[in-house]
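With chain A held as given, fit chain B onto it using these hints.
Going down the list, the protein sequences come from chains A and B. At position 11 of the first sequence (counting the first as 1) the number is 11 in UniProt numbering, and the numbers step up by one without a gap. At position 325 of the second sequence (counting the first as 1) the number is 325 in UniProt numbering, and the numbers step up by one without a gap.
No wet-lab data here; the hints were simulated from the structure. Treat the numbers as computed from the prediction; the structure is a model and nothing was measured. It cannot be assumed that every hint is accurate.
With a straight-line cut-off of 30 Å between C-alpha atoms, the simulated DSS-like cross-links for lysine-lysine are [stated by the list, open to error]: (1) B/363 <-> A/174; (2) B/177 <-> A/177; (3) B/174 <-> A/177; (4) B/177 <-> A/174; (5) A/363 <-> B/174.
Okay, here's what each chain looks like letter by letter:
2 protein chains.
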Amino acid sequence: MAAMALFLNIAAPSSASYPVLHKTHLSPPFLLPLRHHPTASTRSATKISASLIDPDGGRLVELFVRESEKDSKLKQALGLPQIRLSKIDLQWVHVLSEGWASPLKGFMRESEFLQTLHFNSLRLNDGSVVNMSVTIVLAIDDVQKGRIGSSTSVALVDQNDNLVAILNDIEIYKHNKEERIARTWGTTAHGLPYVEEAITSAGNWLIGGDLEVIEPIKYNDGLDRFRLSPSQLRDEFARRNADAVFAFQLRNPVHNGHALLMTDTRRRLLEMGYTNPVLLLHPLGGYTKADDVPLSWRMKQHEKVLEDGVLDPETTKVLSMAPGLERLNILPFKVAAYDNTQGKMAFFDPSRPRDFLFISGTKMRTLAKNGVNPPDGFMCPGGWKVLVDYYNSLAPSDNGRVPEPVPA
Amino acid sequence: MAAMALFLNIAAPSSASYPVLHKTHLSPPFLLPLRHHPTASTRSATKISASLIDPDGGRLVELFVRESEKDSKLKQALGLPQIRLSKIDLQWVHVLSEGWASPLKGFMRESEFLQTLHFNSLRLNDGSVVNMSVTIVLAIDDVQKGRIGSSTSVALVDQNDNLVAILNDIEIYKHNKEERIARTWGTTAHGLPYVEEAITSAGNWLIGGDLEVIEPIKYNDGLDRFRLSPSQLRDEFARRNADAVFAFQLRNPVHNGHALLMTDTRRRLLEMGYTNPVLLLHPLGGYTKADDVPLSWRMKQHEKVLEDGVLDPETTKVLSMAPGLERLNILPFKVAAYDNTQGKMAFFDPSRPRDFLFISGTKMRTLAKNGVNPPDGFMCPGGWKVLVDYYNSLAPSDNGRVPEPVPA
Chain A
1 MAAMALFLNI
11 AAPSSASYPV
21 LHKTHLSPPF
31 LLPLRHHPTA
41 STRSATKISA
51 SLIDPDGGRL
61 VELFVRESEK
71 DSKLKQALGL
81 PQIRLSKIDL
91 QWVHVLSEGW
101 ASPLKGFMRE
111 SEFLQTLHFN
121 SLRLNDGSVV
131 NMSVTIVLAI
141 DDVQKGRIGS
151 STSVALVDQN
161 DNLVAILNDI
171 EIYKHNKEER
181 IARTWGTTAH
191 GLPYVEEAIT
201 SAGNWLIGGD
211 LEVIEPIKYN
221 DGLDRFRLSP
231 SQLRDEFARR
241 NADAVFAFQL
251 RNPVHNGHAL
261 LMTDTRRRLL
271 EMGYTNPVLL
281 LHPLGGYTKA
291 DDVPLSWRMK
301 QHEKVLEDGV
311 LDPETTKVLS
321 MAPGLERLNI
331 LPFKVAAYDN
341 TQGKMAFFDP
351 SRPRDFLFIS
361 GTKMRTLAKN
371 GVNPPDGFMC
381 PGGWKVLVDY
391 YNSLAPSDNG
401 RVPEPVPA
Chain B
1 MAAMALFLNI
11 AAPSSASYPV
21 LHKTHLSPPF
31 LLPLRHHPTA
41 STRSATKISA
51 SLIDPDGGRL
61 VELFVRESEK
71 DSKLKQALGL
81 PQIRLSKIDL
91 QWVHVLSEGW
101 ASPLKGFMRE
111 SEFLQTLHFN
121 SLRLNDGSVV
131 NMSVTIVLAI
141 DDVQKGRIGS
151 STSVALVDQN
161 DNLVAILNDI
171 EIYKHNKEER
181 IARTWGTTAH
191 GLPYVEEAIT
201 SAGNWLIGGD
211 LEVIEPIKYN
221 DGLDRFRLSP
231 SQLRDEFARR
241 NADAVFAFQL
251 RNPVHNGHAL
261 LMTDTRRRLL
271 EMGYTNPVLL
281 LHPLGGYTKA
291 DDVPLSWRMK
301 QHEKVLEDGV
311 LDPETTKVLS
321 MAPGLERLNI
331 LPFKVAAYDN
341 TQGKMAFFDP
351 SRPRDFLFIS
361 GTKMRTLAKN
371 GVNPPDGFMC
381 PGGWKVLVDY
391 YNSLAPSDNG
401 RVPEPVPA
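Same shape as in the complex, but just chain A (with noise of 0.2 Å):
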């Protein structure tokens, strides 16, 4: 069963600025068409030949090297300036190296830089424009850019001094801080984890360049096997014939009001005339809030969720940022919240609103932590122990103060 589940964690800032103009209680399920898609006038819905949306470019980057090459590439590397990588920069290598950022082939060079903060998208050379709303970058300090000197390629290299990947014809340019965080976040208020891990502390110049990746980026933490790439998932999509593919995004544990949402909104798309929508159930990894259930555990209550049968396994997957936000279809939908008159979770009905009780993340996490069971309905109750049984599992702290955010 849990299989049939699909994560992924990408270092995303949580916080990154996709302009959201219709505000919700929850996450708005993205529906991405796929190419030919049933209308009254050109097709019925029993005749639908789909295949996915293009990538952003036109095709799906992949910046691996081959295998015939592997060994002269590591030779190659033993002649380069080495960077070392943090933590955050190799899961930027490894959102890179899938095509996840499709069509960049490394990190940013300077006009790609200021492409994503004046305009959170990029003019491709086809005069055509792709959705591109956080900045992916390389920082450098003084001392190594010294140390690059002249040379038009490095090697970046893990926290091992493993070879990570080789970045070829680069450039190294300004990295104006204070702009990149005020037009990426709209605030320079202190206190963003991802600004102060990623940015403040980083060095003072910013490296772009081509990629060429060696390895496939794997964590080894138990969840490498969730981490599907774009080109895997969009196989899996084609093997089940999905028609569309709706993606619901969340960083808490899955509740009955989510899995309505996303229920109705396979029922719409059947409606439309889709004959088999696709849900891709995306928990957000990389940077939380500090009080948020880690990404292990949400994903074995997401797997509960799923073996309980709230949301059908068949139809469901797991997935990460899209690009290309133009060709997505955002159908809204009407806030879900607990009608205590149904003992469910409901659409919301303002016409009698003292009957619905509004359970927030915040509320959520507070009763599971004070193990206090939510009302009945409010999630399966195989999901809801995962959650108290992850609260049991922390060390009391003795100062009673909730864990620092961690890149997940």
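Then chain B, alone, in the frame of chain A:
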């Protein structure tokens, strides 16, 4: 001769967030290509049938009420809640009313505000995208919001309570000041005059809507004759049979380095096959640096430069910000500096850097303030005299401080 120089004064912050990918010592001239320009394959340079490129959105927006409707609008306004415009608000009504911000039909609603902050552009209903890098908004406070109540229109009045415009189909939304500042300027540092004057101290709400403007905005400062509308400029370009329009924007007096750049650009346009390129010389109005020469004096200086024949008045105009940057050709140029060996402004030759003297705007102003002449050939004597006259006209302040910045 003065009638040849056409000036505009708008309230756009001088440090507004235009991403400048190629930084130079001087503002780059923008070339506004006309619709039909010669290419080797399609036509000879002598058979150009030219027209200006379309305004953003397809047609030039003008927001004035018809003469025949004025009385009924004045009567209607009597029954509406009133908002008193600040000096800067009124300048934005000027910008909007004449179509400088086409396709905007009034102060931005939230969707336009957010698109401007996040994308520096607006997506129109037909899917096309236009450049929009500065938010054009009207702030109100809690009391004003309360007075508006459920009214769908408001009357905008000047400092003397004269009706300026009616704002229809209004939308009131949150004025997220920190985000606006951070995303527009890329910094939240204190001391930006426009921020302090027009944002920080402004109300916590923004009100968008469609404008109906009663009369063209006039400033009665002796400079109105220089303020041509886009429509008037277009007529003037047509009258002169311009087949290319190139613009030069500056906030300093024009010196011979500027003149060299402008003359050289014209030469290159003629080489490209244009037969009648017209220059739009645009002195920045609005906020400039505290120690800058005020607009009125710069305009006197510009007129003198035209009189002295440094620039050809027949091919010179003065313009404001151009929306639709995508359709502009950017002609890169070399840096101009004072060449001691030639005794004149010339393009910097990196092979003999010691021969060149860079005279910055600050240095130029300091020389004029202290009555020291610049090197011969830096500026025509008549233009320089205007500058010196300006500094002589300043009453010595008792603490020696430069005057505070004010919108010109």
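Hint check:
| no. | hint | in the structure |
| --- | --- | --- |
| 1 | B/363 <-> A/174 | holds, 27 Å |
| 2 | B/177 <-> A/177 | holds, 21 Å |
| 3 | B/174 <-> A/177 | holds, 27 Å |
| 4 | B/177 <-> A/174 | holds, 27 Å |
| 5 | A/363 <-> B/174 | holds, 27 Å |
Every hint, counting from the list given before, is met by this structure.
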